[in-house]
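2 protein chains.
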Amino acid sequence: MLTLYDYLPSGNGYKVRLLLSQLGIPFRLVEKDILKGETRTPEFLAINPDGRIPAVVFEDNRRLAQSDAMLFYFAEGTPFLPADRFARAEALQWMFFEQYSHEPQVAVARFWIHCLGKRKEWADRLQEKWQKGYQALDVMERHLDGRKFFVGERYSIADIALYGYTHVAEEGDFDLDRYPHIRAWLDRVADQPGHVLITQAEFG
Amino acid sequence: MLTLYDYLPSGNGYKVRLLLSQLGIPFRLVEKDILKGETRTPEFLAINPDGRIPAVVFEDNRRLAQSDAMLFYFAEGTPFLPADRFARAEALQWMFFEQYSHEPQVAVARFWIHCLGKRKEWADRLQEKWQKGYQALDVMERHLDGRKFFVGERYSIADIALYGYTHVAEEGDFDLDRYPHIRAWLDRVADQPGHVLITQAEFG
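In order, the protein sequence lines correspond to chains A and B. Under my numbering, residues -2 to 201 are what the first sequence spells out, in order. Under my numbering, residues -2 to 201 are what the second sequence spells out, in order.
Keep in mind that the hints were calculated from the coordinates and are not lab data. No incorrect hints appear here.
Chain copies aren't distinguished; within one or between two, either way the pair holds.
As a list, the in silico EDC-like pairs of lysine to aspartate or glutamate whose alpha-carbon atoms are at most 20 Å apart:
#	residue 1	residue 2
1	Lys115	Asp172
2	Lys129	Glu35
3	Lys115	Asp170
4	Lys129	Asp47
5	Lys145	Asp174
6	Lys129	Glu167
7	Lys129	Glu168
8	Lys145	Asp188
9	Lys145	Asp184
Excised from the complex, chain A in its bound form:
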């Protein structure tokens, strides 16, 4: 069985937990508390030299880091990855958008406020996170106007990648009420068969 090293509040880890659950792939969850530095120990750095969760270790000891690389790997050959070459590139486009334009703003604001409880300490930097985070949400809202999902009108790993932190953006003080298309899309994603919650610790 494969092992997923993870931190339950992490949206990045959640993306992988969600896909594995929907694919019916069993996995062992090993929690690492990033607030206690458990991803920067020599033992963990031997698993992922970049010192981040999630990290996957396969039964034959191969390792893989980066949540969106995991999504792509597990989704290959399944309906979760578009079969069409250009649609596959579009899925990757949205996944790189997520890691570059969305996560560093939306997830980091949530981490400071919700996980660390340090809204005041990070007040200056939060202004920038909100401004740029709303820019990313604006891009999503415009794309979802008239579309059900991000790529090819069907649920894919592009939706899973963007759902991870968007569905908890309010924990970073983002107001989603101004985004009707995003809200309807969040509901559609949550309605998919086999959906699990970010707080869920037991699978299979």
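For this one, chain A is given, so just place chain B on it according to the hints.
Then chain B, alone, in the frame of chain A:
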């Protein structure tokens, strides 16, 4: 012919120029000066709603954003993308590492210092960029100890993605003298057939 909207000093744009040149795919280069806000005009936002270069427009008007999604798209079915499924995931792992752990540090320090000439104005934030940028370079250095390339011992889009900003890291005041494995790898990448320079504006 496809059109690449780009800003010549951009390492992200350069990655795409380099792969297209090595694949022998002709393209029309349209320069957009990000310092003059040319990627935030209504006309450009119609091409890439995220307001960033590089952006590709195909002859049939399809559009693609995100440099690493472009690399994957153009490399599919060529030796630049590993044929093995796990190696393909490893290539994506390094490309997501590049966009998440490397580019926001190494490229941004270079942008502030080399493109904007504002080392003093950004002095406080540069400390953090250098610290985290060196962490990313450390990860690369350890991985390249005993390896010729990032994945499967052959040149791939993982190398192109990481080469883009690493080879100009010194323009962001990063000292590469401490990284013998990275320096040897930079030389190996520059020795590949069809290599072009980041400053090169004419192709084909």
